[in-house]
Structures are given as C-alpha cells and as structure tokens.
Amino acid sequence: MSTLEIKDLHVSIETEQGSKEILKGVSLVIRTGETHAIMGPNGSGKSTLASTIAGHPRYNVTSGSITLDGEDVLEMSVDERARAGVFLAMQYPVEVPGVSMTNFLRTAKTAIDGEAPKLRTWTKDVKAAMEQLRIDADFAQRNVNEGFSGGEKKRVEILQLELFKPKFAVLDETDSGLDVDALKVVSEGVNRAHADGNMGTLLITHYTRILRYIKPDFVHVFVDGQVVEEGGPELADRLEEEGYDRYAKGAGAAAAPAAAQA
Amino acid sequence: MTEITTEKARIGAPSAQPFIDGFTEEGESLSPINAGTTKAPLAGDSAKSHSHGGGVGIPDSSRAGRLTSYKLADFKPLTGLEEDWRFTPLKRLRGLHSEVLAGAAPTVVVNGPEQVIVESVGRDDQRIGTAGIPEDRVSANAWENFAGATVVTIPSEFEATAEITVDIEGTSLEAAAQHLVIVAEKFSKAVVVLNHKGSAVVSENVEIIVEDGASLTVITLQEWNDDAVHASSQQAKIGRDAKLKHVMVSLGGDLVRITPSARFTAPGGEAEMFGLYFADAGQHLEQRLFVDHAVANCKSNVLYKGALQGRNAHAVWVGDVLIRKEAEGTDTYEANRNLLLTDGARADSVPNLEIETGLIEGAGHASATGRMDDEHLFYLMARGIPEDVARRLVVRGFLNEIIQQIKVPSIEERLTDAVERELALTDN
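Heads up: the protein sequence lines correspond to chains A and B, in order.
Per my numbering, residue 637 is the first one in the first sequence, and the count goes up by one each step.
Per my numbering, residue 16 is the first one in the second sequence, and the count goes up by one each step.
Calculated from the structure, these hints are not laboratory results.
These numbers come from a predicted model, not from an experiment.
Zero decoy hints are in this set.
Mimicking SDA-like on lysine to any residue, the simulated pairs with C-alpha atoms at most 25 Å apart in a straight line are: (1) K422/B x N779/A; (2) K789/A x R406/B; (3) K801/A x P401/B; (4) K422/B x F775/A; (5) K422/B x A776/A; (6) K422/B x G783/A; (7) K803/A x V404/B; (8) K422/B x E782/A; (9) K643/A x E707/A; (10) K260/B x E343/B; (11) K260/B x N779/A; (12) K340/B x A281/B; (13) K422/B x Q777/A; (14) K754/A x P401/B; (15) K204/B x I426/B; (16) K789/A x D389/B; (17) K754/A x E402/B; (18) K801/A x E390/B; (19) K789/A x E416/B; (20) K789/A x R411/B; (21) K422/B x N739/A; (22) K754/A x V404/B; (23) K260/B x P733/A; (24) K801/A x V404/B; (25) K422/B x D774/A; (26) K656/A x G700/A; (27) K789/A x P401/B.
Here chain A stands alone, though its shape is the one from the complex (with noise of 0.2 Å):
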C-alpha cells in the first residue's frame, strides 16, 4: 500500500504582471485503492495541482511538499516521477508529430518498468486494452496524438493508464468534452485500472455527471486554490444540485467552515 501525501502546497506562475498565487495551501492524503474527486470552478486551481504533481515546468513550488511513500517528489524530474509511479492523464494531450503510438508506447513501458516487456504479450497486451476501449487498430500505426479528436485522444491517455499501470493516477478533466458513450467507455477503463486495488485515484472534474460512473470516496471542493470542503459521495450529489455558487459568493467566509474542521 502505497500513500501521496500533498501538504500545505503553494503555488505560483509567472504571468506579465509578475508572479501570481495559484495554489495558496493544499493538503490532501491519497492511498491505494482510494478515489478522490476534486471538483470546483474554473480557475480555482484544480488543473494547476495536476499539473504540479507531474511537474511541470510552468509551476512553481514555492512552499509545501509532495512525498511519495515518504519520498520527495519535488525533488524528482518529470520522468522520475512516471517512474515513480505518478501518473497523469492531461486534459489537452499534445500531438507528437513523427512518433509513432507503438514506438511511444513500448518506448514509455519500457522506462517505467525498467526493462523492455516481451513482445509477444505486450502486442497482445495494447491490443486488447485497445479493443476495450474501441479504440480502432490503426491507432496503433498514428504518431501520438496527431489528428485524433479530443475524445480519441482521452481514450488513449486511459490506454497509457492501463498499460503503464500507475500507483497513483491523476485524471485532470478527463471527462471534459467528451459524450456520453465515450464517457462510460473511459469510465469502465478507469475502474478496471482500479479494480486491482493497487491505485490511487484523484479524479479532478468540473463536473458530476462522470461520478455517475466512477464512484468517489471523498470528494473535495476547491475554491480559490483551496480546498473549502471535504465530505464522502454525498457532498457531489448536494454539488450536482446546487453548483459552485455558494462557495463563490465569498471565498474567505466558505472557508471557515472547512477551517474548522480540519
């Protein structure tokens, strides 16, 4: 059993004006085998804690930390990280020209495990997780990413989760543009990865509708690059009905409560 612990996480990006605050104090416990939804407004800061986690380069850490099992991961390069065991599925994957998906793939499974997998079951291994997530064959031949659709290109970030087979796994807006076929598709592929229970799961949505299918057991709801309230399933179905207006009237006064009790 593994643990991501995030504490007291601040973050800024360097804009034209100067640098700007993001992330102002997160601290969040993920285990093996948990869910967790963070879900909130746009522009609260979901993405940036994403991102952070995978470090990239844009954010900043400017207090706080990340470990892994104890370990720094701050301290960590972005591939060390994958390494690791951190795995994050990004909400506007970018098209690799020239490489192609079979190159891409075997070329990532082989960094992360250490050693290149046998050809035969890993071909037989891609095409399978391909199929169950209809994902056509000729994907296979394409250069990663390019001319897919946004919700192909989804697809095939929860094809890189079922092969890369993460310890923890970071869903920035994954549901996000796609329909309600390919959400259940992407859905089932996330629940298969957790079926195991060897993974973590922190699912970053705006919506509700993909907790329809991928069950949650603690959300948080991030406001202003905080989080301003914990609670079990329960909290999105109160999210589903009412939205993020309550918290929007006035961050510091919704804080309080989820101050009080931490």
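Since the structure of chain A is provided, determine the placement of chain B on it from the hints.
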C-alpha cells in the same frame, strides 16, 4: 515546435525598398556594404546587366529575371554580395566559383534494371542542355569544364520495380566538374537515387527530364566525408501530366549547396519536393529551390525540414515559387521548418512567392524556426521517458516526416540510422 519566427504568405514580388537599414524584406543583409543601399532582394545586379534573362517589363526583383547562361564569362566573379550567394561562405567553396575545374570528376556507377539505359557521352550529346541552363556562376563553371556526362534513360512505358542507384564517389579534393542527365521517357515510372559519398570538391549539374505522363522520383543523398565541398544544380523539366518527386537529404560535407528547380512545360504536371538536412558544428548546408509555374493547372508542394546543432552549424533554405501570368489554376505550397538543438547554430529561411495571376487554386508558404517544444518533452517525460531519449524521439519524429517520403525501405533505414548517429553527437 516553439515558433520563434513565422512568416506567412506574402503575396507578390518582394519590394525593392529596404525596410530597415541593413535589412531587406527577407531579413538581415549580411554584408555591411549592403546596408542602406537599395539592392533588390532577388536577382540583384545579375538581373540588370546581362545578355539573357530579364527583359522588358520584368522587375529586377522577380525570379523570372534571373540570368541564365551556359557561358561562365556571362556571370561576374562572385563577391558574396549577390542575392543568391549572400549566405554562402565563398572562401570555403575551394575554387568552385573561381578556378578552372580540372580535377577528376567523382566516379559514377549506375545499377538498376537492365531495361534502363546507361551511357557515357561527350559534351556534344544533344540531350545535354535540354533541361536547364545554368543559373549561377558555379553551375556555369561546371558546364564550361565538364569532360563527359552520364545519361540514364528510363525507356518509355517502362515501370521499374527496383530503384536505379547512381553512386557518385569522390576520391580527390581537386576542384572538379560533373554532369548527369536523367531522362524519364513517356509514361515511364522509376526511382533514381543519387548517392554522393567520399571526398570531393565538385560542381555538378544534374538535368532531369520528365516526359509526358512519366512519374519520376529522384532522391539525392549527400553523405559526403567531412572535407567535401559540393554544389549541385538539379534542374527538372516536367512534361504534360508528368510527375516529379524530388527528395534531397544533406548530412555530410563541409559545404553543400543544392539548388533544385522544377519547371513545368505543359499543363497537368505535378512536383513534390522534400528536403532533410542535419547541420553539425561548422557545417554549411544550403538549399535553394525554384518552382516555375509557367503553364496552367500544375501542382507543387515543397517541404524542407532541418535540424541544427553545434557552434556555427549553418543551414540556409530559400524557396522561390513563381506563378506566371499564364499559370492559371496553379496549386502550390511551400514550407520550411528548422529545429535548433543547441546554441550557436543558425538557420536562414526565406520563402518567396511571386504571383502574377489571381486565377489560381491556391498558393501558400510558411517558415518556422525554433527550439524544441517544451510541451512535447513534458508529455513524453511524464510517461517516464528520460529527457535525452525524449529529445531524440522528438527530433527523429520531426525528420521522419521527410524520411517517410522516400519509400525505399533500405534507404529509409540507412537514413534513420544516420539521423541516430547525428543525434548521438549531441550527447557528447
């Protein structure tokens, strides 16, 4: 790619007015003597005072006004200020522009299907001079000095299933002249590979004749030794409904300057021109191409991609596309992309598009030079791939787009390996 500079379609001939002191519309004038003078960005002096080309009503700046002549004497000695030589370090030409080219030409060995006719001919062979007239002094110098030519003919209606390889191997550094003629007769189909290797100082003229309905692929590979100096004018004449695919790959050599041109002589022609270059420290790799849409309803597509690494690695790409008044229904696009892998490398990229008729299907050009895209690296590294491996993947992918065009597996494999070797140098 992170695009540092992007130039989007500029329509019409470049203006003769300098914009900023020391700059032409195409960018920096390299010579201080040029600063402040009103020098035409194209053709320059050569357009004003010569016996051929140019003519009444053709502006100095138009590619149509470029001097062409078989005679060396018609071209003035080079100073480095000429538009078409301004990026080239003349000192490193080792006399190709100034000496009598008396050295022994690199040996030529042709292999291919037996139906293909290979001849060694003298200067007086009537096929010589049918595809092009020299357009610069170095090309004219080779014309003046070449002893004999190799003519490769693909007979009419013959469809070659295996490629025709022309091995051109240099063994001496004495300045030499070379001449090749490739004729794809009517309705023939073939792939011709020019393998340039060894050590040489050579100016080469390659005439390419693509007769009506023929489909010809010419792949010119420059895998010279480090000391080689090579100038090659490769002029193609494209007949009715004929198709030329020209693929240029420059990897080795001290100075390599390839000037391919495609001229349409009848409607329905198609030209695809691809290029790949990888310039290392101190290397000068230059490519200037010209697509002459002189007749209606022809198509052209140009894509050149380069990677540069190391101090004073220098690549030059100039793409001139001319759509003449008669060339209605033209469809053309040209693009150049450069990836700068280290500090100290320089890429000059100049797309020129002249359009003399509005009745065309499409015309566009683009150029981008930049560093590697951090988002590409982040994506790959976020999947556990170490940075050095990720960088190689990105560069390989970038250049692969050209290699994939070759469609001769053995050559594709060889070039992929060659790119790997170039990339391995970066790590040192």
